[in-house]
Structure formats: C-alpha cells, structure tokens
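Enquirer: Sequence:
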Amino acid sequence: MEIKEILEQLAPWRDAQKRLAWKPIVEEGDRGITASKFSGVPWLAENESYPRCGDCQALMPLFLQLDLSKIPAELVGRFGNGLLQMFYCTDCGSYMPLENNKLVRIVQPSGNAQSLQPDAHPSFPAKTIVGWTQLDDYPNSQEYEELGLIFDYDFSANTIHIECPSVGLVIENLSMDDALEAEEVYTVPGDKLAGYPYWIQGIEYPYCPECNRRMEVVFQIDSEDNLPYMFGDVGCGHITQCPQHKEILTFGWACS
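Position 158, counted from 1, in the sequence shown is what numbering that gives the first Met the number 0 calls 157; the numbers after and before it change by one each time, with no gaps.
Careful: at least some of the hints might be erroneous.
Simulated crosslink set (SDA-like; lysine to any residue; CA at most 25 Å straight-line) [as the list claims (entries may be wrong)]:
#, residue 1, residue 2
1, K69, D54
2, K17, I199
3, K69, K3
4, K245, Y185
5, K3, P208
Beta-carbon label-pair distances, calculated as ranges [said to hold, decoys possible]:
#, residue 1, residue 2, range
6, R30, A156, 54 to 62 Å
7, Q243, D176, 42 to 50 Å
8, L146, P108, 32 to 40 Å
9, E145, R77, 49 to 57 Å
By construction, these hints were calculated from the structure, which means they are not laboratory data. Every residue gets a Cβ at the ideal spot worked out from N, C-alpha and C, and that includes glycine.
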C-alpha cells in the first residue's frame, strides 16, 4: 500500500483525535494586575506574602496569569473560575510536578489587592495576552498506541508494522523510511492553551494526589517562546489540572 493510501485510511482516526488549541496573541507590557499575561505584576491579596519557593525560599517569578473568564468561549468554565497563576523557582529549576519549587493555583481577585511595584519582585519583561489564535492540534506520537494506533518496529529488518483497528488498517513490513510520513507528529509546539502536550521524552501526565486521576493539560509553556527562559536543554513544560479537583494544579517539564 502506498503512503498516500495509508494516510487516506488513517484520516478518520486523525479526525477523531483532533483537539482545538489556542496560541496567545501578546503585546509588550503589563496592562494591570488582573490581566492575562506572561510575567509582570501578579494579583495578590492585600496582606499576602509574595510567593517563595518551598525548597530554597527564593522569591518565585510569575510565569503566567490567566483570567479564566476571558479565555476562548469554548473553554470558559472548563478550568474553573478566577485567575490561574503560575509562579516558578528559577533558582531550583526542578522539572518534577507536584514539588515545592512552584505554585500553581486559581485565586479569586476580590477585595483589596496588594500594591506591588514592578521592581519589588523577580520578573521577566511582561507580555499581556490580548487575543487567541485557534489551531487544530493532534496527539504526539508517544500517545498513538493509547489512542488506538500501533507502530511496531523491527529495527533489524528496518521495517514497521502499523495497525489501527478503528479504521481496519493492518500494514505489514513497511519500510521505516517510507513510514516516516505516516507517523508525522502534528502536535503544536510553543506556548498554547489546551490541545495536546508536546512531549519531549514520553508521556508524563501527573496524577492527582487526592483521587489519583490523570491530570489534564491546561497550558503549555515552551522554552523561550513568550518568556525568555529555557527549561533545561530546550525543554517544554505543562500546567496540568485534576479534572475532578480543579484546585489541584501543577507544572512539570522535560527536555531532550
């Protein structure tokens, strides 16, 4: 079977897996303490201490703040209500989720806010999110088998077996060189809201410490996209949330 025929037969599977993702449209500068933004001055309650790393006690810069009432209409309510905030310790730089070197939370910006000066806390140059670009997103190849598309490699023969029961596809002994197009990765890289995680090393969804459900991706923060920060060696990170306990969020990253 020709690659074109394989891709045509796999089209219903790809369509079934498609998710929507949104790339942020940004403008330089900070438009206020409740704005959706990368870095800048975060909203903090009037008597709240600025977040510190639970390990080294360093002040943690704000990486992301999202007003969950002003995200694309398709997502409003999905992640909860309020301001989603992520603070991350750049001194510790730990990649593991559910550790003390970050604070990911949803706060309700009511009452008096703390008055912070821009130079009173660690930060990167602020970028305000002023809109979103909708994109189609598809799973990374590491997730194919879980989603019903199997690639079984025979490296000694340089061939591959492809099987997708949902579309009745079985291909034996396809050359690996010819198979590259059939296994093309469609996952959107860079900073984005929702969609699929762009995995670097493998599937690394954390599990909720309360109910042990697999946490779901909320936002992908990539190295040196909207923030001038690199996670390890050009790594990619993900804010994830328990679908049942929306107050449980975390952040982890991986690099090559």
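Enquirer: For each hint, tell me whether it holds in the structure or not.
Expert: We went through each hint and held it up to the structure:
| no. | hint | result |
| --- | --- | --- |
| 1 | K69 - D54 | violated (33 Å) |
| 2 | K17 - I199 | holds (20 Å) |
| 3 | K69 - K3 | violated (41 Å) |
| 4 | K245 - Y185 | violated (28 Å) |
| 5 | K3 - P208 | violated (45 Å) |
| 6 | R30 - A156: 54 to 62 Å | holds (59 Å) |
| 7 | Q243 - D176: 42 to 50 Å | holds (45 Å) |
| 8 | L146 - P108: 32 to 40 Å | holds (38 Å) |
| 9 | E145 - R77: 49 to 57 Å | violated (22 Å) |
Consistency with the previously given hints fails for numbers 1, 3, 4, 5 and 9, ordered from lowest to highest.
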